[in-house]
Amino acid sequence: MNELPNPTPRPAGELEELRRIWSRPRGLRAITVINNNYVGVMYVATAFVFFLLAGLLALLMRTQLAVPDNRLIGPELYNQLFTMHGTIMMFLFAVPAVEAMGILLIPNMLGARDLPFPRLSAFAFWAYAVGGLIFFLSLFAGWAPTGGWFMNPPLTTERYSPGFNEDFWLLGIGFIEISAIAGAIEIIVGILRTRSPGMTLARMPVFAWAMLIFALMIVFAFPAVIVATMLLELERAFGWPFFSADKGGDALLWQHLFWFFGHPEVYIIFLPAAGMVSMIVPSMAQAPLAGYRLVVLALIATGFLSFGLWVHHMFATGIPELSLSFFQAASTAVAIPSGIQVFAWIATLARGRVRLNTPTLFVLGMLFIFVLGGLTGVMVAVVPFDWQAHDTYFVVAHLHYVLIGGMVFPLLAAFYYWVPYCSRNALSERLGRWVFGLMFVGFNVAFLPMHLTGLLGMPRRVYTYPAGLGWEGLNLVSTVGAFILAAGIALFVFDLVRRFRFAMEDNAGNVWNAASLEWLPSGNYSNRSIPIVASRDPLWEQPNLAKDVQAGHYYLPNAPTGGRETIMTSPLEARPEWLLRMPYPGWAPLVAAWFTAAFFLLLTVKLVIPALVCGAIAVGGILHWAWELDPAPLKAPLDVGGGLKLAAYMSGPKSQAWWAVVVLMLVAASIYGCVVFSYLYLWTVSPKLWPRELPGLGPVLVTAILLIASSALIGLSNASLTRGRLNSMSAALAGAIVLLVAALGVEFGSHTALSPTDSAYGAMVYLVVWLAGFYGAVLVAMALFVLARAAKGMVDPVRRVTFDNARLFWHYTVAQTLVGLLLVHGFPRLVA
Amino acid sequence: MSFAATALRISAGVIIWALHFAAIYGASGLFCARGFPELVAPTIAAFTAIAVVAALAVIAAGWRRRAEFEPWLSASVAGFGLVAILYEGLAVLLVPICG
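Keeping their order, the protein sequence lines are chains P and E.
The numbering used here numbers the first residue of the first sequence as 1 and each following residue consecutively.
The numbering used here numbers the first residue of the second sequence as 1 and each following residue consecutively.
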């Protein structure tokens, strides 16, 4: 694998062709750009703007708390401020910022031309940017949510929080969830399928490992908050009593669902940051990362274990002690993998000659702050201690040590480290030291005293406090620290404005002598040719790599299809499999994104008709976008260099679409898992609500048979397509639609005696049935889309990705709905 | 080996941990809620024993080919899972049941 595929000089004009093909759109169309470098930078910048905005809210709060009995900000606004600060920092800054770093860096780090679904990244960015900004503006109308970033009911139910405010959170966060999941699908498929030839799992950069785990965690964690927000909004808007104790609901159900998302969320933020540190430290020490295998182990272990910690946010809710102990054990055990990473970084620094520049300083600052936060984390993981510290400023100190130490300092290190990758100039080293100094001192002055404020009993989320409790001095010091921290960040922004000039081909380049592929000479097309990777630190161990890549001596030095393309490789060994033709910029993803955000936000203020219009436009945008996908296959395999000929079309399990649909099915399964959990949880709380007698099994058997028959027809349709019998394919597909609609009609009809507003049981049953209806509607839309394409001659035995997508999702949905039938009709009989 | 099989092998140890965790938490919650405290300890002991055997099997399978990356990862992840399983199961000996 080490011989060059194209050792001879390349013909003139190839590079110009690559530049032309990958050039960004100009004029008004400039905003339709989809290339990961542009979208990545816009994404990071937007996330950072939200960091500044939420930081300003924090400064307002710190000003209010500087002295006792302050009258600057009243309780109403203060509630909005802390809710928005937490919500924006977590949903609009931290997750998007690390996701954005992934979109910016991963293709180049893996040696791919771009991510496999570039328009999906653009969609994720625009839904988030537009929706997030409008969400922020709700503050100025006095409509911002007030229930804390965790929005616990019953406080947030309609009875105690009437008005739009809480709806802004519940629906406003909807587009963030969609955006995060879209980005996660992009990142998973990108990392597993577009790595350079030779980049096996064992040679994959740690950042890519971290982003893979991050994206998988989003797939399993975000569904919990999707279900939670759905239930609470259904209760607020339609009175379905999931959380109302008087009708058999339970407010704790919310906490279970929210924290099943909320705790992994902390690691969703931390793991990519840790991955960045694992890239920065070897460059600064000029030595390979110590314990690569152990670091990968730590990432995987943390990713999984973080799903077993959620109840440690609920230690004070009255759950039995033994149950709490399981979570106490898991919460302390998770310190082990985090410790492994910290020791690996220290060992790497110890084995090399460390350059004490700004990224290094931020990493060292991170080590200090994060380890302190980890230690207080082990303290609050211990149940009796947590009961003392619960809801005090000790927890505020702990979580800021973990999040700012674990994410903000690494992100600043990453900014200083990777700016030369996408800017003409590096940032100023002299100002950087000041930025670090101010931030480090300011942070510790602000948050270290809060441990004491908390131990002295000051509760969180109070807008003011009386004098004479011993809190005044500590609060004043914290406020001074917060402003020093803010001064550091302001200085960073100043330096950024002064020095950052977006550039790819004429970027500052590999100023750190780093070892990973993103430091190869690159342009919008990523690398001139796609290298063969033979080691974990390719730029160090393959000395001529940069020169050969630039000279086009590796794979794909040109554009054999005449358009945008990248090599798809196998997920384990990264063997070249086929050539993915990639889309060009267009308006459809943007229109879909903007109107998706508008749909959710208009629903918030109960403008239902305009919301539905926007929703329809968003769906239209998506359909237009999807219509252009699955282009006509190119018949002959194409030469990508060194005699390697790759097909330029793929359907089935090797296609990128198949992988995306499988990840989407994992998301759907997680959502359904949370719904099933909610049903069973409410049964443990209120078993008396579950009926002793149910209507006969006749209708449900009819539903099940119709569903299975619809799946069988899809199988038949597949067989017809494979044999080229397009008419019988379409007929079978149409038949499947009829059977599905009939099945759902029978199921809907069998619950007419039940009311969703009378009891939590009725609400749960209706939820399961309505979800079946929603998924059914999605299936019908997908099948009609395939039929329309077939009518236009765009589906045949080779060109069949659209059909396969619908087929996969159909079988999945039928299986899911059958599980739902078992739950709704079988479980009550089992326990009666 | 296929990607799906490799991914399952690598995560087998922590999947066992997750199933064990869900089982002991679910069983103790349900038995306490329905008034069967005497069933909690034996159930947790049984689940823990099954999970330990399963994790040891994954460790043994991976450790034989530990020079390769994926088998090493599979064994090590399972080793970590084993520690977490034992640590969490231990709680039943130390903390009052249904208290």
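Watch out, some of these pointers could steer you wrong.
Ranges between beta-carbon positions, derived for each pair [said to hold, decoys possible]: (1) P:V798 <-> E:A4: 44 to 54 Å; (2) P:F748 <-> E:A22: 45 to 55 Å; (3) E:F3 <-> P:P687: 39 to 49 Å; (4) P:A487 <-> E:L30: 24 to 34 Å; (5) E:V83 <-> P:W387: 45 to 55 Å; (6) P:R430 <-> E:L93: 57 to 67 Å; (7) P:A316 <-> E:L93: 17 to 27 Å; (8) P:F343 <-> E:P42: 34 to 44 Å.
Counterexamples of contact, computed for chain E against chain P with all Cβ distances above 12 Å [what the hints assert, rightly or not]: (9) I10; (10) A18; (11) G26; (12) I44; (13) R64; (14) V83; (15) A84; (16) G89; (17) L94; (18) G99.
Derived contacts from chain E toward chain P, CB cut-off under 7 Å, selection only [stated by the list, open to error]: (19) V14; (20) A23; (21) F31; (22) C32; (23) G35; (24) F36; (25) L86; (26) Y87; (27) A91.
Think of the hints as simulated: they come from the structure by calculation, not from any bench.
Even for Gly, the Cβ is constructed at its ideal location relative to N, Cα and C.
Going through the hints against the structure:
{"no.": "1", "hint": "P:V798 <-> E:A4: 44 to 54 Å", "in the structure": "25 Å, violated"}
{"no.": "2", "hint": "P:F748 <-> E:A22: 45 to 55 Å", "in the structure": "32 Å, violated"}
{"no.": "3", "hint": "E:F3 <-> P:P687: 39 to 49 Å", "in the structure": "43 Å, holds"}
{"no.": "4", "hint": "P:A487 <-> E:L30: 24 to 34 Å", "in the structure": "54 Å, violated"}
{"no.": "5", "hint": "E:V83 <-> P:W387: 45 to 55 Å", "in the structure": "27 Å, violated"}
{"no.": "6", "hint": "P:R430 <-> E:L93: 57 to 67 Å", "in the structure": "59 Å, holds"}
{"no.": "7", "hint": "P:A316 <-> E:L93: 17 to 27 Å", "in the structure": "25 Å, holds"}
{"no.": "8", "hint": "P:F343 <-> E:P42: 34 to 44 Å", "in the structure": "39 Å, holds"}
{"no.": "9", "hint": "I10", "in the structure": "7 Å, violated"}
{"no.": "10", "hint": "A18", "in the structure": "6 Å, violated"}
{"no.": "11", "hint": "G26", "in the structure": "9 Å, violated"}
{"no.": "12", "hint": "I44", "in the structure": "9 Å, violated"}
{"no.": "13", "hint": "R64", "in the structure": "17 Å, holds"}
{"no.": "14", "hint": "V83", "in the structure": "7 Å, violated"}
{"no.": "15", "hint": "A84", "in the structure": "5 Å, violated"}
{"no.": "16", "hint": "G89", "in the structure": "9 Å, violated"}
{"no.": "17", "hint": "L94", "in the structure": "7 Å, violated"}
{"no.": "18", "hint": "G99", "in the structure": "5 Å, violated"}
{"no.": "19", "hint": "V14", "in the structure": "4 Å, holds"}
{"no.": "20", "hint": "A23", "in the structure": "11 Å, violated"}
{"no.": "21", "hint": "F31", "in the structure": "10 Å, violated"}
{"no.": "22", "hint": "C32", "in the structure": "5 Å, holds"}
{"no.": "23", "hint": "G35", "in the structure": "12 Å, violated"}
{"no.": "24", "hint": "F36", "in the structure": "13 Å, violated"}
{"no.": "25", "hint": "L86", "in the structure": "9 Å, violated"}
{"no.": "26", "hint": "Y87", "in the structure": "5 Å, holds"}
{"no.": "27", "hint": "A91", "in the structure": "4 Å, holds"}
In this structure, the hints that do not hold are numbers 1, 2, 4, 5, 9, 10, 11, 12, 14, 15, 16, 17, 18, 20, 21, 23, 24, 25, in rising order.
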